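Construct all of the structure, not just a fragment, from the sequences and the given hints.
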Amino acid sequence: MFKTINTINDILPQIKDKPEINVSSACGNNTTVVCYMFSGSDTFDNDAAIECRGITFATDTGNITSRPLHKFFNVGEKESTQIQNLKWEEVTRVMIKRDGSVIAGTNVGGKMAMKSKKAFDNKQAQDAMEYVNLFPIYQSFHEWCLSANVTPIYEWTAPDNRVVVMYDTASLVLLHVRDNVTVAMGIPMVEEVNDFEIQTYLQLAKTIEGIEGWVIQFSTGDMVKLKTQWYMDRHRIMTNVRTRDIAQAVIDETVDDLKAKLYSENLDASPIIEIEQDVVQKLNLIKDELSQITDTLGDMERKRNCTEVQQARNVWSDHGSCFRQAA
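Residue 176 in the UniProt record's numbering is what sits at position 176 of the sequence shown, and the numbering runs on without skipping anything.
Simulated from the structure, these hints should not be mistaken for lab results.
Keep in mind the model is a prediction, meaning the values are calculated, not measured.
Hints may contain errors.
[As the list claims (entries may be wrong)] 25 Å max Cα-Cα, derived BS3-like pairs, lysine-lysine: (1) Lys87 / Lys3; (2) Lys71 / Lys227; (3) Lys78 / Lys18; (4) Lys118 / Lys71; (5) Lys87 / Lys16; (6) Lys117 / Lys78; (7) Lys16 / Lys117; (8) Lys71 / Lys3; (9) Lys259 / Lys117; (10) Lys16 / Lys78; (11) Lys111 / Lys123; (12) Lys3 / Lys18; (13) Lys225 / Lys78.
Shown next as structure tokens:
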């Protein structure tokens with residue numbers, strides 16, 4: 001089912017009318033990265049588009065240098081991944097879904113460099129590269145990958161790279177090697193499970209805690225993601241609280257309840273605390289400006305008094321607008 005891709009010209013004709021897929025040479029290292037920036041219902045409607053998830057080419061020759069995982073979807077996310085439409089009898093592999101950053105190896109001038117979906121120079125890619133340099137086993141494995149013209153694909157997890165699930169130590173776990181099948185002794189592999197009965201996981205997804213879920217692979221090579229209810233609830237807490245909601249909670253004096261919820265789930269509350277401090281600082285500025293205005297009112301004549309009150313209202317309005325724009 002997967003498209004043969006030797007050069008960038010093998011995919012460009014099929015994505016030329018998809019502005020949501022970006023073709024960029026801004027990453028440096030003589031590379032051109034093709035990756036979707038956002039997606040619609042028809043973004044991934046052909047076999048070239050599903051590969052546009054950070055696939056990388058040499059800018060000067062157009063030759064492929066890295067082929068990360070294709071775009072795949074959650075169970076129930078699309079018509080084709082509804083439970084009743086998936087061929088569960090063809091499941092060949094079930095892997096624990098780790099909760100970190102996907103990092104792919106990329107051939108840069110005959111050496112393996114670590115890259116996230118879109119960049120070599122972000123913290124996750126740089127940390128993964130530093131980790132690789134610490135262990136000769138990764139370097140030896142990468143020499144083989146370069147000689148075989150395959151892409152190693154990892155998950156980078158670390159205490160300072162938390163999404164929802166907390167990992168106590170840094171780890172670079174091998175997920176896949178595209179496009180060949182291999183065994184990489186000494187390098188930690190993603191944990192697999194032997195039970196292929198899908199009903200087991202559909203039930204577990206409702207109750208199990210502490211993991212993101214599973215990646216289920218079929219005999220065609222295609223995959224789906226099945227996430228636990230525990231993970232989705234906590235991910236919503238971390239990502240769906242808007243700045244304006246936190247600002248309003250500060251004003252309503254309910255932000256402590258929100259922080260307590262995060263602490264009870266062992267989640268990081270520092271982003272909320274940072275917004276809270278910013279809002280409190282702005283409120284104090286408003287208070288100071290209003291105090292300066294009201295201190296001047298005294299026994300002033302009525303017309304001037306009204307002017308000063310209107311000025312005070314304008315101060316509040318201006319700051320309120322800032323809050324709305326920031327949110």
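For each hint, the structure was consulted:
{"no.": "1", "hint": "Lys87 / Lys3", "verdict": "21 Å, holds"}
{"no.": "2", "hint": "Lys71 / Lys227", "verdict": "16 Å, holds"}
{"no.": "3", "hint": "Lys78 / Lys18", "verdict": "20 Å, holds"}
{"no.": "4", "hint": "Lys118 / Lys71", "verdict": "14 Å, holds"}
{"no.": "5", "hint": "Lys87 / Lys16", "verdict": "32 Å, violated"}
{"no.": "6", "hint": "Lys117 / Lys78", "verdict": "23 Å, holds"}
{"no.": "7", "hint": "Lys16 / Lys117", "verdict": "20 Å, holds"}
{"no.": "8", "hint": "Lys71 / Lys3", "verdict": "13 Å, holds"}
{"no.": "9", "hint": "Lys259 / Lys117", "verdict": "32 Å, violated"}
{"no.": "10", "hint": "Lys16 / Lys78", "verdict": "24 Å, holds"}
{"no.": "11", "hint": "Lys111 / Lys123", "verdict": "20 Å, holds"}
{"no.": "12", "hint": "Lys3 / Lys18", "verdict": "18 Å, holds"}
{"no.": "13", "hint": "Lys225 / Lys78", "verdict": "12 Å, holds"}
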